[in-house]
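K.L.:
The primary structure of each chain is shown beneath.
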Amino acid sequence: MLSFLFWTFALVMIGFGAAVVINRNPIASALSLVVSFLGLSVLFVLLNAFFIGVIQVLVYAGAVMVLFLFIIMLLDLRAEKIRKINWLTFGGGVFVSLSLLIQILAVIGSTKMAKQPFPPLASPRMDDVRNVGLLLFENYNLPFQVIAVLVLVATIGVIVLSKRELR
Amino acid sequence: MITLGDYLIVSGILFVIGFAGVLLRRNIIIIFMALELMLNAANLSLVAFSRFRLGPDGLPDYNAQVLVFFVITVAAAEVAVGLAIIVALFRTRRTTHVEDINTLKF
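Chains as they are written, first to last, in my numbering: chain D, 1 to 167; chain V, 168 to 273.
The following block holds chain D by itself, in its conformation from the complex (with noise of 0.2 Å):
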């Protein structure tokens, strides 16, 4: 059940995530992202990372795809034109994508653990908020203060960058 709970979703995750790739129009790959963002929060939560799951959902689905769509309406992006394509450029970056696939694909083969089951979890009920919580505000408190001042700079980046008159 699981399992097949897992191919469904990765499948879901991986063609919606080929079609952002793939489609012409901007406004279907950023529904296509959205697809395969909530796709990739169902196998957190496969891995019992519920507040990862939760968060993916809230803040991809939620804010930063919102951004992206406010973001593709303001500017009144249409359809690309076909333009010409240079076929080298396609070629080079069809095949350094092909070869860090082979070489990605070859490492995992080569590495025993991959090759290992999940262990089991000591009890089913995990109180993961919890135990994600305590480890931010002991161990990594000062990371998280970090983290604040930055999103409080990008705040006001975002600000200046977007008022009318540079000076």
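Derived from the structure by calculation, the hints contain no laboratory data.
Each residue gets a CB set at the ideal place from its N, CA and C atoms; glycine is no exception.
Do not take every clue at face value.
Unchecked claim - Estimated spans, in silico, between C-beta atoms of each pair:
| id | chain 1 | residue 1 | chain 2 | residue 2 | range |
| --- | --- | --- | --- | --- | --- |
| 1 | D | Val96 | V | Met168 | 32 to 38 Å |
| 2 | D | Gly15 | V | Leu221 | 51 to 57 Å |
| 3 | D | Arg125 | V | Arg258 | 52 to 58 Å |
| 4 | D | Lys84 | V | Thr259 | 47 to 53 Å |
| 5 | D | Pro143 | V | Arg220 | 19 to 25 Å |
| 6 | V | Met168 | D | Gln103 | 51 to 57 Å |
| 7 | D | Leu88 | V | Asp224 | 53 to 59 Å |
| 8 | V | Thr262 | D | Lys112 | 48 to 54 Å |
| 9 | D | Pro119 | V | Asn269 | 50 to 56 Å |
To be verified - What the simulated footprint calls covered on chain D by chain V, stretch by stretch (three residues with Cβ under 8 Å from a Cβ of chain V suffice, anywhere in the stretch; the number is not a length):
| id | stretch |
| --- | --- |
| 10 | 12 to 21 |
| 11 | 51 to 60 |
To be verified - Just some of the chain D residues that point at chain V, by a computed CB distance under 8 Å:
| id | residue |
| --- | --- |
| 12 | Leu2 |
| 13 | Leu75 |
| 14 | Ala79 |
| 15 | Ile82 |
| 16 | Ser97 |
| 17 | Leu100 |
| 18 | Val158 |
On the provided structure of chain D, position chain V as indicated by the hints.
P.N.:
Chain V in isolation, oriented as in the chain D frame:
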């Protein structure tokens, strides 16, 4: 039976899709979405390793999940700044096609 390798292969395929998108597409917004795909592929392998390597109390290794939390936060900030830059670029050049943006080209 699902093994660690299955998750890693799915994550690797998603990463390659994002990588190919960055290399092959010429629309800067699509390139940005492909970047997000690559970040998420890395997150998936991190969570898979966290579930694979149990701590002494038999629970997943939560250090990896904290790292994923940080990656998601930084990615959200990066999307906001990147899209603001794209809007500023579109205002001056009226295009999102990367081959039309060639001022620095030799």
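K.L.:
Each hint should be assessed against the structure and marked as holding or not.
P.N.:
The hints, checked one at a time:
no.	hint	result
1	D/Val96 <-> V/Met168: 32 to 38 Å	holds (34 Å)
2	D/Gly15 <-> V/Leu221: 51 to 57 Å	violated (32 Å)
3	D/Arg125 <-> V/Arg258: 52 to 58 Å	holds (53 Å)
4	D/Lys84 <-> V/Thr259: 47 to 53 Å	violated (25 Å)
5	D/Pro143 <-> V/Arg220: 19 to 25 Å	holds (21 Å)
6	V/Met168 <-> D/Gln103: 51 to 57 Å	violated (26 Å)
7	D/Leu88 <-> V/Asp224: 53 to 59 Å	holds (56 Å)
8	V/Thr262 <-> D/Lys112: 48 to 54 Å	holds (50 Å)
9	D/Pro119 <-> V/Asn269: 50 to 56 Å	holds (54 Å)
10	12 to 21	holds (count 6)
11	51 to 60	holds (count 6)
12	Leu2	holds (7 Å)
13	Leu75	holds (5 Å)
14	Ala79	violated (10 Å)
15	Ile82	violated (11 Å)
16	Ser97	holds (4 Å)
17	Leu100	holds (6 Å)
18	Val158	holds (4 Å)
When the structure is compared with the earlier hints, violations turn up for hints 2, 4, 6, 14, 15 and for no others.
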